[in-house]
Amino acid sequence: MRYVRSFVGFWWNFIVGDDWRVAVGIAAGLALTAVFQVWWLLPPVVAVVLYASLRRAVRA
Amino acid sequence: MTTATLLAGLGAFLASAVEMVEALTIVLGVGVVRGWRSTLIGVGAAAIVLTGLIAVFGAALGSIPIDSLRFVVGALLLVFGLQWLRKAILRSSGYKALHDEDEAFREEQAAAAAAGDERRAGVDWYSFTVAFKGVLLEGLEVVFIVISFGAAQGRWGPAIVGAAVAVLLVLVAGFVVRGPLERVPENTIKFVVGLMLTTFGTFWAAEGAGVDWPGDELSLLAVLAFFGAVSWAFVWALRRRRVGIAVTA
Chain A
3 MRYVRSFVGF WWNFIVGDDW RVAVGIAAGL ALTAVFQVWW LLPPVVAVVL
53 YASLRRAVRA
Chain B
4 MTTATLLAGL GAFLASAVEM VEALTIVLGV GVVRGWRSTL IGVGAAAIVL
54 TGLIAVFGAA LGSIPIDSLR FVVGALLLVF GLQWLRKAIL RSSGYKALHD
104 EDEAFREEQA AAAAAGDERR AGVDWYSFTV AFKGVLLEGL EVVFIVISFG
154 AAQGRWGPAI VGAAVAVLLV LVAGFVVRGP LERVPENTIK FVVGLMLTTF
204 GTFWAAEGAG VDWPGDELSL LAVLAFFGAV SWAFVWALRR RRVGIAVTA
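Residue numbers (my numbering), protein chains in the order written: chain A, 3 to 62; chain B, 4 to 252.
Treat the hints with caution; some may be incorrect.
[What the hints assert, rightly or not] Listed next, the stretches of chain A that the computed footprint assigns to chain B, with coverage defined by at least 3 CB atoms under 8 Å from CB atoms of chain B:
| no. | stretch |
| --- | --- |
| 1 | 18–26 |
| 2 | 30–41 |
| 3 | 44–52 |
Hints listed in this document are in silico derivations from the structure and should not be mistaken for laboratory results. Using N, Cα and C, we set each Cβ at its ideal position, and we do this for glycine too.
This is chain A alone, in the form it adopts within the complex (with noise of 0.2 Å):
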């Protein structure tokens, strides 16, 4: 289990990395543009991800 859990970790980190609200953030924004089929929606969602995610790292 040990193993398993170290395994699922270092991928989790080497993806996702230490801000995971990227992640949810993309996801929100993928379902988004899933439901709402348009191409315009996504890339300003990664700009708002990414500047929140930037102000977290500042203030921290």
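Please build the complex by placing chain B on the supplied structure of chain A, with the hints as guidance.
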């Protein structure tokens, strides 16, 4: 050659170059102090594992329908790319220290000199382990990018050739310089790679979600320009904020 093919090759080249520069620093630091035989065995073993990963995952992903694959790969690439971009913006605006290859080289040398001498089967295990781990961990990001680009495009050539050319160039440069490549503008390259990963991730994830981009692959350039402008604005704003805090203090 299409826009996506060119950008994918360039993205894999730049990502591979910057990660291999970091791996080279680790390998040189250990090899110079403790000898080359065990160090190079470690490098070779890591290269075999990385090549195996590309072959296994490449074959497995080939059987998944392209739209589902683009959605998942695009989403992962987007989250992964935003990590690169966020760190590059923080470094450019002075909120995070720049990576110093010369300092990393000296630290690696000091650690290698201080480590004990444990030999098994004629192999120096410290040299082997450090070289193996260094190349494997730095190379894993390149493998992730190559697999993502290759699988989402359905064409493996550009990403593999881009990454392989970068590895060869860094190896030749390392052999010529015989030291860490500290003059490589790592943060600028990481900034560009972060922008490209974010752009491709956005493009493929939205396409996988069923969206048609205007101008198809040509819109990659517009998305890249958009994220470039946004990132530049963030760097500018953060630099101003930092200067403002310094003046107030």
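Which of the listed hints are broken here? Violated hints: none; all satisfied.
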